[in-house]
Amino acid sequence: MDVVVISQILLWIVVIALAFVVMALVRQIGVLHSRIAPAGALMLDKGVAVNSPAPKVTATDRHDKPVNVGYKSERGQLLFFLSPTCPICKSLLPSLRSLGRQYRRDLDVVYISDGDAHAQQAVITEHGLEEATYVVGPEIGMTYQIGKLPYAVLIDADGVLRAKGLVNNREHLESLFEAQSMGVGSLQEYMRQTPRITQ
Amino acid sequence: MIHPIVSMASALVLAVILFAGASHKLRAPHRFARQIDDYALLAGSAVALAARTVPVVEVLIGLALLVPGLRAWGAVGAALLLALYTGAIAINLFRGRRDIDCGCSGPGLERPLSPALLVRNGLLIGMAVIAALPAAGAVLHGFGLFLIGASVAAILILYTATEGLLTNQPRLKSLSGR
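Chains Z and Y are the protein sequences, given in the same order.
Residues 1 to 199 in my numbering are what the first sequence lists, from first letter to last.
Residues 200 to 377 in my numbering are what the second sequence lists, from first letter to last.
This is chain Y alone, in the form it adopts within the complex (with noise of 0.2 Å):
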């Protein structure tokens, strides 16, 4: 049994990084469409479909992870998307294709395939695997939801801040010329 207070904060740290993942799929849907072209996986129409699809499933997997019924639901959506992403990472960097653009963050955070990837994936499957498991049917008191929305906070700026921190790392590669 999972305390329910780790079990709502990884459904919420996740619901919102799928919203925001959503959101900027949204607003430049011809950008997404060409990052997964990118990724050479798919083929033509196949492309477009996907690109229209894969935001509003993300939506959707949020919305049922912020439902209390279909948080177990929503959390085995979110690892079995997040296990597609990693698996089509890690397809490219097994094809030696690391210069494209990931198309994990918005536009301004673009950067090319790594390791590292695969690594904050497995963070994120790990937090929806344990969103997915039961939870203990604590009655939550005040301090109970500090908790959860102190540490959501936290999780997503450092979150945010990883993110940039990867962003950064390429082009500190090409200043010191390795």
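This is chain Z alone, in the form it adopts within the complex (with noise of 0.2 Å):
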């Protein structure tokens, strides 16, 4: 083959492989952009004050089986309430499966929704949440006047409510599991313990 041939075919593929990895870089570049999607304004705040115990309620999950929210118990809680039809929830379910699994010593994730059957099962089937704890029904979001979605809620071992907030993004995610790990509810508390720890 003539050597002319050879350094064509040879230019042709750099120069897809390198529009291979123009376009990878471009689609990371969109990634990113919303992974940094700017935070839910800030909202006044109703139902249970932060650092009070935290209203205990017993719902049953899609098998029947009971769960009970706010009460002394081995681990946390973090109930995340969401809907079929809020996109941003579902947008948020990976990053929360894997917090989970990554905090599961610390915190069980319980999953509470309300509506339509089948689109529950659909978003189950999507997320693989077959096995996690998944409340269909209004008495929790009720009892804990959750008005915004998706919005999470942290609960102690002892029962004591955390932290809550409007989640839109994993950093609000993993805001509310730091705060688990590091027993602090918010910056806020944070820099008020710090001087009596340095002290």
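Simulated from the structure, these hints should not be mistaken for lab results.
Since the structure is predicted, the reported quantities are computational estimates derived from the model, not experimental observations.
All C-beta atoms, glycine included, are put in the ideal place defined by N, C-alpha and C.
There may be inaccurate statements among the hints.
Said to hold, decoys possible - Only pairs whose alpha carbons sit at most 20 Å apart, straight line, appear in this in silico SDA-like list of lysine to any residue:
1. Y:372 / Z:28
2. Y:372 / Z:27
3. Y:372 / Z:26
4. Y:372 / Z:25
5. Y:372 / Z:31
6. Y:372 / Z:30
7. Y:372 / Z:33
8. Y:372 / Z:32
9. Z:65 / Z:117
10. Z:90 / Y:309
11. Y:372 / Z:34
What the hints assert, rightly or not - Among the chain Y residues that face chain Z by a calculated CB cut under 10 Å, a handful are:
12. 313
13. 342
14. 345
15. 346
16. 349
17. 352
18. 354
19. 356
20. 357
21. 359
22. 360
23. 363
24. 366
25. 374
From the two separate chains plus the hints, produce the assembled complex.
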């Protein structure tokens, strides 16, 4: 084969490979952009106050097993309120699953949703939540006065509500898990505590 | 006379782009109907009709581009269709309705209208014109076919990358606060 032809072929292969690299970089930038999406606006707090005992509710999950929320237990609980019709909730499920696995010794993740059973099933199948504690019903949401989704509530092992808030991205979720492992509900609380620690 | 490699590569690229466009329009017909509605150029029932016919027309033109005997007709059709899209975008840009989704790419690639789209469509129309011009009747041997395949692959990947960049652009703008 002619040397020129061989060089042409090699060059084309390089061009295509470089084009792939460019495309991959563009995709990664896109993912980064969606990860640093703006955080939810601050909202007026209602419902149970942070650092007060969490209301005790018992509901049944999809498999009719009782789920106790707000009771003393060995592990803390993270209540994640979602709806099959809320795209942000669904986009958070993969992060929540991986964080849940990472912190499974300290925290039980409870998924709480309401509405159409078919839509719930679709979410469960799509995100592999068959084994998860998944409650469908309004009781818990009403008790904790959840008005916006996706919302998460962190309750520690003593049944005290440690942190709560609208979660719009992975960072919000992580901050809740971090709150559990550090035993501090918010940055403000941490700042108040540090002077005491350093003294 | 255009070299058959150039004309065939242009036809292939256009066909793939048309098929890709038709596939996301067919998979989410309601979304596409909403996008047409956003352009505010058609009324009520015409929107639903356009949402059904446009993807079919895209597929037909794409197929015509792949058949050697019909390539010129397919290319003329593609140029007209693209000119139609460009016109719709230009009218809405002129009206100042920049914040509607252009509907040019699939889900997850929503982006507002911008003059960059006019340039992109201009380039695609240029390719359609090249594919429509009569090609010289040279017989393609192995290396010619390789060149067609390689250039089509490179152009399509770079096209996708450019689409991605154009989608990221408004997000970056909103981040830097402009």
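Verification of the supplied hints:
Under the criterion of a C-alpha separation no larger than 20 Å, the hint pairing residue 372 of chain Y with residue 28 of chain Z is consistent with the structure, at around 17 Å. The straight-line distance between the Cα atoms of residue 372 of chain Y and residue 27 of chain Z is roughly 17 Å, inside the 20 Å bound, and the hint therefore holds. Annotation: proposed proximity of residue 372 of chain Y to residue 26 of chain Z holds, straight-line Cα distance about 16 Å (limit 20 Å). Restraint check for residue 372 of chain Y and residue 25 of chain Z: satisfied, since their Cα atoms lie roughly 18 Å apart, inside the 20 Å limit.
Using a Cα cut-off of 20 Å, the hinted pair residue 372 of chain Y and residue 31 of chain Z holds, with the two alpha carbons roughly 16 Å apart. A hinted pair counts as satisfied when its Cα atoms are at most 20 Å apart, and residue 372 of chain Y with residue 30 of chain Z qualifies at roughly 13 Å. Between residue 372 of chain Y and residue 33 of chain Z, the direct Cα distance comes to roughly 11 Å. Compliance with the 20 Å bound is thereby established for this hinted pair. The straight-line distance between the Cα atoms of residue 372 of chain Y and residue 32 of chain Z is roughly 14 Å, inside the 20 Å bound, and the hint therefore holds.
For the proposed pair residue 65 of chain Z and residue 117 of chain Z, the alpha carbon gap of about 17 Å is at most 20 Å, so the pair holds. At roughly 19 Å between alpha-carbon atoms, residue 90 of chain Z and residue 309 of chain Y fall within 20 Å of each other, so this suggested pair holds. Among the hinted pairs, residue 372 of chain Y with residue 34 of chain Z is consistent with the structure: their alpha-carbon atoms are about 13 Å apart, no more than 20 Å. Checking residue 313 of chain Y against chain Z: minimum C-beta separation of about 17 Å lies over 10 Å; hint violated.
Nearest Cβ of chain Z to the Cβ of residue 342 of chain Y: about 6 Å, under the 10 Å cut. The hint holds. Interface restraint check: residue 345 of chain Y against chain Z, minimum CB-CB distance 7 Å, threshold 10 Å, status holds. Residue-level restraint check for residue 346 of chain Y holds (minimum Cβ-Cβ distance to chain Z is 8 Å; threshold 10 Å). At a threshold of 10 Å, the smallest CB-CB gap from residue 349 of chain Y to chain Z is about 4 Å, leaving the interface hint in force.
Taken as an interface hint, residue 352 of chain Y checks out: its beta carbon lies about 5 Å from the nearest beta carbon of chain Z, inside 10 Å. The interface hint given for residue 354 of chain Y is met, as the beta carbon of that residue sits about 9 Å from the closest beta carbon of chain Z, less than 10 Å. Because the smallest distance between the Cβ of residue 356 of chain Y and any Cβ of chain Z comes to about 4 Å, under 10 Å, the interface hint for this residue holds. For the restraint placing residue 357 of chain Y at the interface with chain Z, the shortest Cβ-Cβ distance is roughly 5 Å, inside the 10 Å limit, so the hint holds.
This hint holds: residue 359 of chain Y has a C-beta 6 Å from the nearest C-beta of chain Z, less than the 10 Å allowed. Checking residue 360 of chain Y against chain Z: minimum C-beta separation of about 4 Å stays under 10 Å; hint holds. The beta carbon of residue 363 of chain Y comes within 4 Å of a beta carbon in chain Z, closer than 10 Å, and the hint placing it at the interface holds. The interface hint given for residue 366 of chain Y holds, since its Cβ lies 7 Å from the closest Cβ of chain Z, which is under the 10 Å cut-off.
This hint holds: residue 374 of chain Y has a C-beta 7 Å from the nearest C-beta of chain Z, less than the 10 Å allowed.
Checked against the numbered hints given earlier, the structure breaks only hint 12 and satisfies all the rest.
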